[in-house]
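Heads up: the protein sequence lines correspond to chains A and B, in order.
Counting from 1, position 223 in the first sequence corresponds to residue 222 in numbering that gives the first Met the number 0; the numbering is continuous, with no gaps.
Counting from 1, position 87 in the second sequence corresponds to residue 86 in numbering that gives the first Met the number 0; the numbering is continuous, with no gaps.
Everything labelled a hint here was simulated from the structure, so no lab data went into it.
Please note: incorrect hints may appear among the correct ones.
[Stated by the list, open to error] A partial selection of chain A residues facing chain B, derived with a Cβ cut-off under 10 Å:
#  : residue
1  : Val24
2  : Lys28
3  : Ser46
4  : Pro49
5  : Asp68
6  : Gln69
7  : Tyr71
8  : Ile72
9  : Val123
10 : Val131
11 : Ala133
12 : Tyr176
13 : Pro205
14 : Ala229
15 : Gly231
16 : Tyr238
[Claimed, not checked] Now the stretches of chain B that chain A is said to cover, found in silico as 3 or more residues with beta-carbon under 8 Å:
#  : segment
17 : 65 to 77
18 : 106 to 113
19 : 123 to 131
[Stated by the list, open to error] If you anchor each label on the Cβ, the simulated ranges turn out as follows:
#  : chain 1 : residue 1 : chain 2 : residue 2 : range
20 : A       : Val89     : B       : Asp116    : 36 to 42 Å
21 : A       : Thr196    : B       : Tyr140    : 34 to 40 Å
22 : B       : Ala78     : A       : Thr82     : 26 to 32 Å
23 : A       : Lys76     : B       : Asp116    : 38 to 44 Å
24 : B       : Glu121    : A       : Thr55     : 26 to 32 Å
25 : B       : Gly133    : A       : Ser106    : 40 to 46 Å
26 : A       : Gln191    : B       : Thr106    : 18 to 24 Å
27 : A       : Ser67     : B       : Tyr140    : 20 to 26 Å
28 : B       : Asp124    : A       : Pro52     : 26 to 32 Å
29 : B       : Ala136    : A       : Val239    : 39 to 45 Å
Please read all numbers here as calculations on a predicted model, not as lab measurements.
Glycine included, every Cβ here is placed at the ideal spot set by N, Cα and C.
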Amino acid sequence: MKKSILIVLFFCFLLIGSVSAGITVTGSKFIDDVIPNIPTVHQMTISTSPSDPETTVIIDIVGFGQASDQSYIQLNKSVDFITLDKHQVVIPPNGSALVNATILLPSGTLGGKYAMVYIHTTPVGSGSTGFVSAVLVPMLITSSNGGISESATIKSVSQNGSNVITTMENTGNHHYYGIVNSVVVVDMKGKQSFINTTASPYAIIPDSVVNFTVKIPNGAYVVSSSIVDAEGKVLVTKYVLTQGTPIEIPFILLGLFGAFVLIYNRD
Amino acid sequence: MKKSILLVMIVALAMICIVGSAVAEVSTSTGNMQVNASIAGCQIGITVPADIESWSLNRFDSSENQNYVGNVAVASTCAWTITASDNNAGDDEGHMMTSGSSPVVLTNPVKIYDNVDGQFEELDDPVQIGSGSGNGAVPVYLRQVVDPGDEGSLVYSIIITFTGSTP
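So that you can see chain A by itself, here it is in the shape it has in the complex (with noise of 0.2 Å):
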C-alpha cells in the first residue's frame, strides 16, 4: 500500500468540457491567373453542423510557408495584395457564413504570389485548454503577365541509415505541382537500382526548401537524384557518394589499398 502511494504521483491534466467542434470551409483552395489591377474575388462559404455549438471563426491572411517535409505552414509575415471583407464571424448550428477575399495584385506583378487563408474557432472548452479546428486555404496566383521563370536546385543529397534524402530548393518564381523524385543507386558491386517517390501532392511554391526521401538498405552507393516535374521535364540532377552508416567495409578496404600502394611504391 506504501509502495502504491510513493510510486503513482498523479499529475492533473483536467480540460474542462467535452464538446467536439468543427468546420467545413467551401473554396478551400485558390489556384487561378489573375490580371493585375483588377479585383479578384475568391468566396469561401464556413459552416457548421447541426451538432455543433455556436462556433466563433477568426479568419486572418498569412503568409505562405512550407516545412522541409512538404505541408504547408502559416508564416507571420504581411500579405498586401489580398483584403478579407471579415475577419471574424459567429456562427450557429447548422449556420454558414460567407468570407471574401479579394485579390488586387500591382500592375507590373510577374509570375506567382502566394499567401494562406488561416480559418480558425476558438479553443473547445472553457480556460486556456481545449483543442482548435482550423482550415488553410492556400492561394496561388499566377499573373496574367507571365514572367514566369521556372528553376530548381538540389541543395544536398544525403544519407541517414536506410533514408536518402534529397533537399530541392525552388529558385523560380512560380510553384511546381507534381514534383517526383527519380533516384538511382549504384552498388559497390555495380548493381543498379531506380526508385521514385510518388507525385507530391503539394505546390512547391518559391524559395520553398523541401526534403523527398527514398529507401534504399544501409550501405554505400554512388546516388543520382533528379527532381522531375509533372510534364516529366528534369529540372536538376545531382550525383552524390554515400557511405552509409557505420562507413562500410569496402571503402576502409579501399583506404588501406590506396595506403599499401603509396608505400609499396615509395619504397
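Assemble the complex: chain A is given as a structure, and chain B must be docked to it using the hints.
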C-alpha cells in the same frame, strides 16, 4: 423566285444575328471589371475530438502516459492533410503548463503520433499527422513523459490546433 427571296431573307436574318452577338461580346469586354473565381470542387470539413476530461500522468512509469484522444474526422472533396500544432508560440511551445501569469511548465514536450511516419513527434513544430482524400479519420494519440523534477498535484494543459488543408 419566291424561294430565292426567302433564302436571301434567311441569310440576311442570320447575318443580323451574327453581328448582334458580336456587338454584345464587345460591349461586355469594355471597361473595368471584377472577376469572381472559386474552385468549386474543393471543400474540407474537420471535426476535432472531444476534450480529454482528465489525464492523470504517472511520474514513475512514463510509458503509461499515453492517451488516445479520438479521431479527427475529415470530409473533403479533394486530397487533404491534417497538421497538429501548439497554439502557444514562444519558448515553451509544445509543452503543457499551468495557467496564470507565472506558469509552471513540464520539462518534456507533449508528443503526438504521426500517422504518416509512424512515430511520436514533438509539438514544438507543426506535425503532419495524416493525409488522404475524400472522407477519412485521423486517430490522435498523445504522449507525455514526466521528468522526476516536475512538480506534481498541479493542473497542466495545452491547446492543440488541428489544421486541415487541401494542397
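Structure-based check of all given hints:
Given hint, A/Val24 at the interface with chain B, holds; its Cβ is 6 Å from that chain's nearest Cβ, closer than 10 Å. The interface hint given for A/Lys28 holds, since its Cβ lies 4 Å from the closest Cβ of chain B, which is under the 10 Å cut-off. Look at A/Ser46: its Cβ gets to within about 8 Å of chain B, closer than 10 Å, so that hint holds up. For A/Pro49, the suggested interface contact is broken, since its CB lies about 12 Å from the closest CB of chain B, more than 10 Å.
Evaluation of the A/Asp68 hint against chain B yields a held restraint, the C-beta minimum of about 6 Å falling below 10 Å. Taken as an interface hint, A/Gln69 checks out: its beta carbon lies about 8 Å from the nearest beta carbon of chain B, inside 10 Å. Because the smallest distance between the Cβ of A/Tyr71 and any Cβ of chain B comes to about 5 Å, under 10 Å, the interface hint for this residue holds. Hint on A/Ile72 holds. Least Cβ distance to chain B is approximately 5 Å, under the 10 Å limit.
Because the closest C-beta pair between A/Val123 and chain B is about 6 Å apart, less than 10 Å, the hint holds. A least Cβ separation of about 4 Å between A/Val131 and chain B falls short of the 10 Å threshold, and the interface hint therefore holds. Taking 10 Å as the C-beta contact cut-off toward chain B, the hint placing A/Ala133 at the interface holds, the least distance being around 4 Å. Against a cut-off of 10 Å between C-beta atoms, the interface hint on A/Tyr176 holds, since the closest Cβ of chain B lies about 9 Å away.
At about 16 Å, the closest approach between the beta carbon of A/Pro205 and any beta carbon in chain B exceeds 10 Å, and the interface hint on this residue is violated. A cut of 10 Å between beta carbons decides the hint on A/Ala229: the least distance to chain B is about 14 Å, and the hint is violated. The beta carbon of A/Gly231 is not positioned within 10 Å of any beta carbon in chain B (closest approach about 21 Å), and the interface hint is therefore violated. With a cut of 10 Å, the hint placing A/Tyr238 at the interface with chain B is violated, because the nearest CB-to-CB distance is about 28 Å.
With 5 residues carrying a beta carbon less than 8 Å from a beta carbon of chain A, the segment 65 to 77 of chain B meets the three-residue requirement, and the given coverage holds. For the segment 106 to 113 of chain B, the assignment as covered by chain A is violated, since 0 residues bring a beta-carbon within under 8 Å of that chain's beta-carbons and 3 are needed. Coverage of a stretch by a chain is defined here by at least three residues with a beta carbon nearer than 8 Å to that chain's beta carbons; for the segment 123 to 131 of chain B and chain A the count is 4, and the condition holds. As the Cβ distance of A/Val89 to B/Asp116 is approximately 38 Å, the hint placing it in 36 to 42 Å holds.
Evaluation of the 34 to 40 Å hint for A/Thr196 and B/Tyr140 yields a failure: the beta carbon distance comes to about 27 Å. At about 28 Å, the CB distance of B/Ala78 to A/Thr82 agrees with the hint of 26 to 32 Å. Evaluation of the 38 to 44 Å hint for A/Lys76 and B/Asp116 yields a failure: the beta carbon distance comes to about 28 Å. At about 29 Å, the beta-carbon gap between B/Glu121 and A/Thr55 stays in the expected band of 26 to 32 Å.
For B/Gly133 paired with A/Ser106, a C-beta distance near 41 Å keeps the hint of 40 to 46 Å intact. Our hint of 18 to 24 Å for A/Gln191 and B/Thr106 is violated, since their Cβ atoms are close to 49 Å apart. Distance hint check: the CB atoms of A/Ser67 and B/Tyr140 are about 23 Å apart, consistent with the given range 20 to 26 Å. Against the hinted window of 26 to 32 Å, the Cβ-Cβ separation of B/Asp124 and A/Pro52 comes to about 30 Å, which satisfies the hint.
Between B/Ala136 and A/Val239 the C-beta distance comes to about 40 Å, which sits within the given range of 39 to 45 Å.
Hints 4, 13, 14, 15, 16, 18, 21, 23, 26 from the list above are not met by this structure, while the remaining hints are.
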